[in-house]
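Residue numbers (the numbering used here), protein chains in the order written: chain A, 207 to 466; chain B, 502 to 771.
Everything labelled a hint here was simulated from the structure, so no lab data went into it.
The structure presented is a predicted model; accordingly, all values stated were derived computationally and were not measured.
Hints are supplied without guarantee of correctness; some may be wrong.
Each computed DMTMM-like pair below joins lysine to aspartate or glutamate, with the alpha-carbon atoms no more than 20 Å apart [to be verified]: (1) A:K341 x B:D520; (2) A:K278 x B:E712; (3) A:K443 x A:E331; (4) A:K278 x A:E263; (5) A:K443 x A:D433; (6) A:K215 x A:D273; (7) A:K229 x A:E239; (8) A:K341 x B:D672; (9) B:K513 x B:E673; (10) A:K229 x A:E213; (11) A:K341 x B:E712; (12) A:K443 x A:E407; (13) A:K229 x A:D273; (14) A:K341 x B:E516; (15) A:K341 x B:E682; (16) A:K278 x A:D297; (17) A:K443 x A:D423; (18) A:K341 x A:D365.
Short derived list, chain B residues pointing at chain A, Cβ under 7 Å [unchecked claim]: (19) F668; (20) L670; (21) I714; (22) H715; (23) A720; (24) R721; (25) G722; (26) F723; (27) H728.
Covered stretches of chain A, as calculated for chain B (at least 3 residues, CB under 8 Å) [said to hold, decoys possible]: (28) 290-301; (29) 384-393; (30) 422-433.
Ideal Cβ placement from N, Cα and C applies to all residues, glycine included.
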Amino acid sequence: MSHHIVEVKHLQHTYPDGTIAIKDVSFRITHGESVAIIGANGAGKSTLLQHLNGCLEASSGQIRIGDTLLSKGTLPDIRRTVGMVFQYPDDQLFMPSVFEDVAFGPLNLGLTDDEVVLRVRDALERVGAGHLTAKPPYHLSGGEKKRVAIASVLAMSPDILVMDEPTSGLDPFARRQLMALLREFQHTKIFTSHDLDMVLELCQRTIVLHEGVIMADGPTGEIFLNDALLAACRLEKPFSMQGCPVCAGRNGTEKTLQHT
Amino acid sequence: MISINAAVIDLKRLELLADLDSPIHRLDARAKVLVTLVFIISVASFGRYELARLLPFFIFPVAIAALANLPPFYLIRKTLLISPFILMIGMFNPVFDHTVLYQIGQTEISGGWISLASLFIRSLLTVGAAFILVGTTGFTAVCQALERLGVPQIFAVQLLFLHRYLFVLADETGRASRARELRSCGRRGLGTVSFGSLAGHLLLRTWQRAERIHGAMLARGFIGRFHAHRRGYFGGSELCFVVGWSLLCLSLRTFDITTTLGTLLTGVFP
Chain A
207 MSHHIVEVKH LQHTYPDGTI AIKDVSFRIT HGESVAIIGA NGAGKSTLLQ
257 HLNGCLEASS GQIRIGDTLL SKGTLPDIRR TVGMVFQYPD DQLFMPSVFE
307 DVAFGPLNLG LTDDEVVLRV RDALERVGAG HLTAKPPYHL SGGEKKRVAI
357 ASVLAMSPDI LVMDEPTSGL DPFARRQLMA LLREFQHTKI FTSHDLDMVL
407 ELCQRTIVLH EGVIMADGPT GEIFLNDALL AACRLEKPFS MQGCPVCAGR
457 NGTEKTLQHT
Chain B
502 MISINAAVID LKRLELLADL DSPIHRLDAR AKVLVTLVFI ISVASFGRYE
552 LARLLPFFIF PVAIAALANL PPFYLIRKTL LISPFILMIG MFNPVFDHTV
602 LYQIGQTEIS GGWISLASLF IRSLLTVGAA FILVGTTGFT AVCQALERLG
652 VPQIFAVQLL FLHRYLFVLA DETGRASRAR ELRSCGRRGL GTVSFGSLAG
702 HLLLRTWQRA ERIHGAMLAR GFIGRFHAHR RGYFGGSELC FVVGWSLLCL
752 SLRTFDITTT LGTLLTGVFP
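The following block holds chain B by itself, in its conformation from the complex (with noise of 0.2 Å):
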């Protein structure tokens, strides 16, 4: 199965840009959760039909990523990876939503057309920011960050096992896949059913597994509660990094900056 496999080697890749070294990179996970936390905040509380005072925050993304020196070709294909689950969430707002909202010439642009552009930029904004926080700070840092940030532990930790797993079950399911396939031949092998029993399959060994980390656990003294060992420092570098960025992103989300630039210009050059 060798999308499965590519999968987590492309998982892999992000994971290691977190190993970097750069300004971004040097910088205590809580003020990029924190920075993050707001930007997306901010990007997401704009009304549906918002499409160009969207169009300023791409500033954060960009500059975040050229600073931390990460692969732009491969953080827009990944973020552009997810753009057909969004085109399917907004794939019915043109049929139904036939305000008109512009005129280009004879063209009429209704709301349905404005709003599905909207979320899909405002989709790429928000998972390229994730995925940018990510491949500067690592999962890791990131669940630890959101812990020491007051979010429940079991919830961090529960975000901790899902990524450490993620990369064993998807290797089970890659290597049950693989024999699947080499047992049926170039054929369809049993279809559907098989494909129930293999999910089954996994759902069971996963469940053993669980029990047998569990004990492992037990066995090194878990009584319950996740004894993180601290490191990290919130100093002036990650409070300017916080108050700026948060700054810029209030500003944005405040006054309508494009529209003011446009002015500015059309009165400059009429």
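Just chain A, with the same shape it has in the complex (with noise of 0.2 Å):
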């Protein structure tokens, strides 16, 4: 399955303005891995994910998604093979219905009409949009338009997903339903996210960006128990491993009540 791994060497991306966003990144990953990309605002995260279908093009190092190495002739190959979800689902969802948005990926792949219709009600099945085939995207909720976009990459069965922010802009419980739906997808899966507690949750290992450097890449639990580094690259532990607010507070007023 060496097809599914992605491995990152030397990479380096200068903006036109000459902002450097990435500098000398390198990491390897591997079959089945769940990956998490975190970093403050401006770390180099959406930047680096661009990278890795050709969406942005590097300016030193290379990329290999397993035994091919990205390069212009190989960008139809390794778009099939990586699915990338955008933070807007707006940017992505650009056909005048959810079914062809949903069926514009595997068009592409040259599937017949047949084929096509079964993939698309799947994908949609898969993310619980079945009930939205003929909606126009205009006419969606966010979450609903966040679910329809996972849909549109699923349809392409791709072997790595890529997801850019996931779970922002969801209610809690279609977060929790997107958070069910990532678990299920058995594939290697890389994110970029500002939600830690999804990143606790749902992947094993976490890279840290900070000013387009790796700070860190090790074990997501680790990285977390790491209060210097989070705090050097603007990061909070995830609400799951604070203390309770509400208990704390508790605590406290007991402790002034026993001290007057």
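From these two lone chains plus the hints, build me the complex, please.
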């Protein structure tokens, strides 16, 4: 299953205005791993993600998906292998109806009409959006748009799922639904997120980016226990690892009462 | 910006009408596009002073709207919304064209007024027909029908994208405009300067969005060609619809039915 491996070597990206967004980033993600890329705003997370399927071109360094080196010639293959879900679903849902949007990828893969219909139905059912098939994207709520955007990528049967801020803008219930859905996806998963509780639940490994440089790469649990690292990278522990503010407050009140 | 949001809601209502179920809604989009095209060409090809012969053409929008259960007052209101533009185009006709065409008692009616009225009726008919087409078919299906009728894909796709992102852009404009209004405390804000900057920002944001959309398309295997998922069936009822209405439009265009009817009536009841 070597085609599920993502290998990034000495990646560097400089924007046209001279901003160096990523500096000498290297990592290797193997089959079935669920990896989070976290960091403060402007740390280079989205830029890094956009390199993984060639949406952005590296200034230097190389990316290998499986045995294939990412280059202009191999882009079509790589884009079939790496399914990318963008942060803003409005950018991703450009077709006039949900059905056509989810069918866009499979049609580009050259599948027959019957196969396309099957794939679309299956993908929409998996994300619980089967009832939205005929709707135009602008009539959907934020959570529905997000689910359809994920279905549009799942319909292409990618080997690697890359998602930029998957839970942003979702209500708690929709967030839970989405996390359950992502847990089901057995292949390689790569997320960027500020939702550190989701990272803690879904990702065994975490890469911490700070100002375009990898500051840490290791098991999620260990990284979230390293207070100094988190503080240096403008991050915090996930809420589930912090003390309960209500209980802490109550204890505090009791202590104060005892003193008086 | 209530007016922008209201306009978007109004546009969405027209689109939602296409989800109704009626014999007209069930017809293949290509049939409706073809008939509307024949209708528009027939109406638009009359001479500038033609007035009476245009009136029988109202049968088409009235019949289709009634058969498709479209709300008549909504359609009339929508069609009349464009009247200021039409009046602006034709407002100088009465000024420059003084040729007297009709005389009713002492009142002389010049060619300018007749051509203005003709322009107005023609635009009501054609714009009304276009609204009815969208209301019975849906904009997307119209674009797809155009493509299947041989319009180059690039035009059809441009129209689709325009329609898709019209709502997003209108939302963005509404939000930006509301933010400006809230901070101008009921005054003019910075006047036209702030509007210029606001429009510039919207343009730049649209540009960035276009890049992101293109990225999303490439990520899903787009290589410059749109593969449409073919649907729809052009059968007997579609053929009857196209032939019937086209014949009616062409005969109304060729023969002067209004005068014939008038002569008949005045002949019978002198």
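A quick look at each hint next to the structure:
1. The suggested pairing of K341 of chain A with D520 of chain B holds, with an alpha-carbon distance near 10 Å, which does not exceed 20 Å.
2. Distance check on the hinted pair: K278 of chain A and E712 of chain B sit about 18 Å apart at the alpha-carbon level, within 20 Å; holds.
3. This hinted pair does not check out: K443 of chain A and E331 of chain A have alpha carbons roughly 35 Å apart, beyond 20 Å.
4. With a C-alpha separation of about 10 Å, the suggested pair K278 of chain A and E263 of chain A falls inside the 20 Å cut-off, and the hint holds.
5. Only pairs whose Cα atoms come within 20 Å are accepted, and K443 of chain A paired with D433 of chain A is accepted, the gap being roughly 8 Å.
6. For a cut-off of 20 Å, the pair hint linking K215 of chain A to D273 of chain A stands: about 14 Å separates their Cα positions.
7. Annotation: proposed proximity of K229 of chain A to E239 of chain A is violated, straight-line Cα distance about 24 Å (limit 20 Å).
8. Pair hint K341 of chain A plus D672 of chain B holds up; C-alpha atoms about 19 Å apart against a cutoff of 20 Å.
9. A hinted pair counts as satisfied when its Cα atoms are at most 20 Å apart, and K513 of chain B with E673 of chain B qualifies at roughly 16 Å.
10. As the CA atoms of K229 of chain A and E213 of chain A are separated by approximately 16 Å, the hinted pair is consistent with the 20 Å bound.
11. The straight-line distance between the Cα atoms of K341 of chain A and E712 of chain B is roughly 25 Å, outside the 20 Å bound, and the hint therefore fails.
12. Between K443 of chain A and E407 of chain A the alpha-carbon distance is near 13 Å, which keeps this suggested pair within the 20 Å criterion.
13. A threshold of 20 Å between alpha carbons decides the hint, and for K229 of chain A with D273 of chain A the separation of about 24 Å lies outside it, so the pair is violated.
14. Restraint check: the Cα-Cα separation between K341 of chain A and E516 of chain B comes to about 11 Å, which is no more than 20 Å; the hinted pair holds.
15. The suggested pairing of K341 of chain A with E682 of chain B is violated, with an alpha-carbon distance near 33 Å, which exceeds 20 Å.
16. Taking the CA atoms of K278 of chain A and D297 of chain A, the gap is about 23 Å. The hint is violated against a cut of 20 Å.
17. Restraint check for K443 of chain A and D423 of chain A: the C-alpha separation of about 16 Å stays at or below 20 Å, so the hint holds.
18. For the given pair, K341 of chain A sits about 28 Å from D365 of chain A by alpha-carbon distance, which is inconsistent with the 20 Å threshold.
19. About 4 Å separates the beta-carbon of F668 of chain B from the nearest beta-carbon of chain A, less than 7 Å, and the hint is met.
20. Interface restraint check for L670 of chain B: the shortest CB-CB distance to chain A comes to about 11 Å, outside 7 Å, so the restraint is violated.
21. At its closest, the beta carbon of I714 of chain B sits 5 Å from a beta carbon of chain A; the interface hint therefore holds under the 7 Å criterion.
22. Of the supplied interface hints, the one on H715 of chain B is violated, with its beta-carbon coming no nearer than about 9 Å to a beta-carbon of chain A, more than 7 Å.
23. Among the interface hints, the one on A720 of chain B holds; its C-beta lies about 5 Å from the nearest C-beta in chain A, closer than the 7 Å criterion.
24. About 4 Å separates the beta-carbon of R721 of chain B from the nearest beta-carbon of chain A, less than 7 Å, and the hint is met.
25. Because the smallest distance between the Cβ of G722 of chain B and any Cβ of chain A comes to about 3 Å, under 7 Å, the interface hint for this residue holds.
26. Satisfaction of the interface hint for F723 of chain B is found here, the shortest Cβ-Cβ separation to chain A being roughly 6 Å, below the 7 Å cut-off.
27. With a cut of 7 Å, the hint placing H728 of chain B at the interface with chain A holds, because the nearest CB-to-CB distance is about 4 Å.
28. For the stretch 290-301 of chain A, the proposed coverage by chain B is satisfied: 8 residues have a C-beta within less than 8 Å of a C-beta in that chain, meeting the threshold of three.
29. With a threshold of 8 Å between beta carbons, the proposed coverage of the stretch 384-393 of chain A by chain B is violated, since 0 of its residues qualify and at least three are required.
30. With a cut-off of 8 Å between beta carbons, the stretch 422-433 of chain A has 0 residues touching chain B; three or more are needed, and the interface restraint is violated.
Violated hints, in rising order: 3, 7, 11, 13, 15, 16, 18, 20, 22, 29, 30; the structure is consistent with all others.
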